[in-house]
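Enquirer: What follows is the residue order along each chain.
There are 2 protein chains.
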Amino acid sequence: MKPMGPIPPEYAGQRGMLTIAGRTAPDWLAQRDGPVFVYDPAIVAARVARFRAAFPAIDLHYAIKANPFPPLLAAMAELVDGFDVASAGELAKVERLGRPVSFAGPGKRDAELSAALTAGVTINLESEGEATRALAIAERLGVRPRLAVRVNPDVELRGSGMKMGGRPSPFGIDAVRVPALVRHLVAAGADWRGFHIYAGSQALDPQAIIDTQAATIALAARLAEEAGQAPPLVNLGGGFGVPYFAGDTALDIERVGAALETAVAARPAILRDSRFAIELGRWLVAEAGVYLARVVDRKESGGETFLILDGGLNHQLAASGNFGTVVRRNYPLALAHAMGGEATETVSVVGPLCTPLDRLGDRIALPRGDVGDVVAIFLAGAYGATASPCAFLGHAPAAELLPRDHSD
Amino acid sequence: MKPMGPIPPEYAGQRGMLTIAGRTAPDWLAQRDGPVFVYDPAIVAARVARFRAAFPAIDLHYAIKANPFPPLLAAMAELVDGFDVASAGELAKVERLGRPVSFAGPGKRDAELSAALTAGVTINLESEGEATRALAIAERLGVRPRLAVRVNPDVELRGSGMKMGGRPSPFGIDAVRVPALVRHLVAAGADWRGFHIYAGSQALDPQAIIDTQAATIALAARLAEEAGQAPPLVNLGGGFGVPYFAGDTALDIERVGAALETAVAARPAILRDSRFAIELGRWLVAEAGVYLARVVDRKESGGETFLILDGGLNHQLAASGNFGTVVRRNYPLALAHAMGGEATETVSVVGPLCTPLDRLGDRIALPRGDVGDVVAIFLAGAYGATASPCAFLGHAPAAELLPRDHSD
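Going down the list, the sequences are from chains S and E. With this note's numbering, the residue at position 287 of the first sequence is 287, and numbering never jumps. Take the position in the second sequence, starting the count at 1, then add 1000; the result is the number in this note's numbering.
Quick caveat, the hints were computed from the structure, so don't treat them as lab data. Just so we're clear, the structure is a prediction, and the values are computed from it rather than from any experiment. Among the hints, a few may not be true.
Which chain S residues face chain E? A few, computed with CB under 8 Å, are given here [as the list claims (entries may be wrong)]:
id : residue
1  : S87
2  : T262
3  : V264
4  : D297
5  : S301
6  : I308
7  : N322
Simulated coverage check for chain S against chain E, where a stretch passes if three residues somewhere in it have a Cβ under 8 Å from a Cβ of chain E [to be verified]:
id : stretch
8  : 122-131
9  : 380-393
Ideal Cβ placement from N, Cα and C applies to all residues, glycine included.
Full structure from sequences and hints, please.
Expert: In C-alpha cells:
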C-alpha cells in the first residue's frame, strides 16, 4: 500500500456522499456525458478572504495560468486587484474584466507585445531584446508603453517545487543588468511600472517564503537605488504551495503575512511610495477544484485490483505524476459515495488510456468501489484541464463546471 | 554541455537549409502563423516497405494513437493491413477508410462497445467484466460480436521503455484465466478472433523482441490448446523502438524479421491456420515528423545562452522530458538553416511557457542561432501534437501539415 496526499479540509470532514458547492458528485456528473471538473467559487472566495486578512496592505494578483476557465475568471475579477497573464491568448480572456493586467513570460512574440501595448497592460520584460522590441512596437503604435522589469533574482526560494531564481534562467533579466535597463526604459519615455521578482513556486515552508520576500524587498530597493528610480509596484511573485502528497502540510500564510507586514513597514526609503503585490495561482484555486470520473471496470490481475475510470491523464495529467514530478506520488482521491468510510481494500485507480502512464492512484487503501461508482480526485482546480493532453487517444475533453451562484 | 539524440538518418545527411518532403523549413512555416508539425509520408511509406521486406508473412497494423492526423491516416490506409484504435473517438477517424479495425484499451464505456459492435470491428477484451458487457450489448444490438482476448502475458519485454506484461496490469486478462474466457465466448456464440498479446513498447534490443515474440507464440499456442480453439489471428503487439537519445541505436528489424519467420515456420500445430500481425505506432511515424518553431528571443543569463522559441511543451510535451521519462534527456534538434554546420556555442533551447518545465534542449552544442531562425525538433511524428497540453497558457495549437503528394 502507498499513501495518498491529504484530502483538502473543505472536503475532508464530509461523510457519506461527497457534495461540492451544495450538490452531490453524481448530480454534477449527470449534467455531462463523461468526467467533469467542478470548481467551487466559495472556496476561492474564502481563500481570497484569508489572504486579505493575512496581508492587509498587499495587492493580490491572480495568475490565470493556473486556471483560465472563463466563469472562474469572472468570479475572480470581483475578488482580486489584478490579473497576470502569460500569452496573448490569456490576455484576451481577461481584458474585458475591468481589472489591471500584467503580462509575463519568455518568448513574447511581436504580435503579443502589440496586443498588450494596445490594451494598455503592463509588460513584464524578460530580456533586453524584448525591451527593444516593445519600445519599437510602442513607437509604431503611438502609445506610451507600460513596462516593468522581471528580475532574475540572485536568491532562490528554498524548498520550492520549481526554482525560478538564483541560477541562469529563461525568466527575467539578471539582477546585475537591471539598473541599466530601467534607466534606458525611463530615458526612452516608457511608463516604468516597477519590478516583478519571482523566485519559485509550490513552497510549503513559511520561513523559506519569509526569507525570500525579505531578500526580494532588499533586492528591489538596491536595484531601484542603482537605477535612481523608485518603482511604483514591486510584484513579489507568489510561490505559495498546497499540500498534494502524503507528508505535505498546508502553508501557514498568516505567519508569512505577519513577517511581510514587518518587512514592508521597515522597507528602505526608496520604496516608501511603492505598492507591493503577491501573485498567486495554485494557492487560490487548486483546492477549489475536484475532478470526477466514473468507474467503468473493476478487474483483478496478478493479485491486484484495478478500478478503471472513464477519464485519466488526458484530463488531469498532473495527478498521473507525469507533469513536473520526478517520483510518482498519489494525489488525494476518494470514492465519492463513501467519504469518511473505512478503507477495506488496496486498489490501483487508472484511467482509460492504453498506456501504463495513465495511473491516478497507485495501490491506495479505499472502501469498496464498483462499476458505476464515482471517484473524486482532489486538488484539480489548478494546472488540471488546460495542463493536460485533452486530445490524447481520441477521448472527449472533460467538461468544466462552476455554479453561477451559491444557491445553484 | 549535454548530448542530444541522433538526428534521424532521413535528415542527418542534409547540409545547409533543412528540407522536409521537398520544401524548406521556412517554407513550411510560412504557411501558418506559429509552429508546425510536418509529416513526410514518403518516410512512412519507406518504413512500411522496410517492414514488408523483413516480415513478408506478417500482417501490419497501425496503432493510430501514435499519430491520428486524418491525412496521415488516409495515406496509411493504402499501406497497412489494419488499424488499431483505443477509443470510440479514434474509431470514428478510421471507420470509413476501408481497412479492418481492432479496438483495445481498458475502460471501454458501454457507448464505445456499442459503436464498435455496430461498426463490426474486433474488440480486444481487457477483462471478464468487459466481455460480459460486450456480449450483452451485442445481444441487444442483434449483432454477432467479433471478440479477441487481450492477454496479460506472463512474460515481459526486456529493456522496453514501457513494460506492459509480466506483472499485475490494467491491460489484458491474466494468461491463466484466458482459456476459460475463450471457451465462454465461443459458447456464447461470439465470433472469436484470437489473441492480442502486447508485452512492452519502445524496445531497441532486437534479441529482447525476438525472445518476446517466441514466448508470445508459445503462449498463444498453449492458451489455444487449453481453450480447445485455434485463433484466427495472433496479434503479437509491437514494441519496436526508435532512437530518441544519445547512445540509442536503431532497431535491427531485419534480424527480428528473420527470427520471427523461423519461429512462425516452426509454430505449434494449433496455430497452423492462424495469421500473425504486428501492431506498430511509433516505429512507423516518429521519424517522419519534424516540429518547427522560430526563435523569438536570444538572451544571456548567468553565463548561459537561451534561445526562446514560439512553441514548446504545449505542442511537443515529450521533447521537454515531461511525459513518461524519469530523467530528462535531449531529443535531437537542429537550427534549420545550418544542417551539418559546426557547433560553435552551447545553448539551452526553451519554449515560451512561463514554467521551468518548458525546456526542449538543455545545454546543447549548436551553430549560432538568432531571433527569427527556425529550430527543428526531430522525432515529432509520434506522440507529439495529440499527446501535448495544447491549451496550456493560452497559446494557439500548432498546425499539422502533410504534403498531399510527393510533388507538392
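Enquirer: Does each hint fit the structure? Answer for all of them.
Expert: To see whether the hints hold, each was checked on the structure:
1. S87: At about 4 Å, which falls below the 8 Å cut-off, the nearest Cβ of chain E leaves the hint on S87/S intact, so it holds.
2. T262: Interface hint status for T262/S: violated (30 Å vs cutoff 8 Å).
3. V264: This interface hint is violated because 26 Å lies over the 8 Å limit.
4. D297: The hint holds - D297/S has a Cβ within 8 Å of chain E, the shortest such distance being about 5 Å.
5. S301: holds, 4 Å
6. I308: Cβ of I308/S sits 4 Å from chain E, so the hint holds.
7. N322: holds, 6 Å
8. 122-131: With 5 residues in contact (Cβ-Cβ under 8 Å with chain E), the coverage given for the stretch 122-131 of chain S holds.
9. 380-393: holds (count 9)
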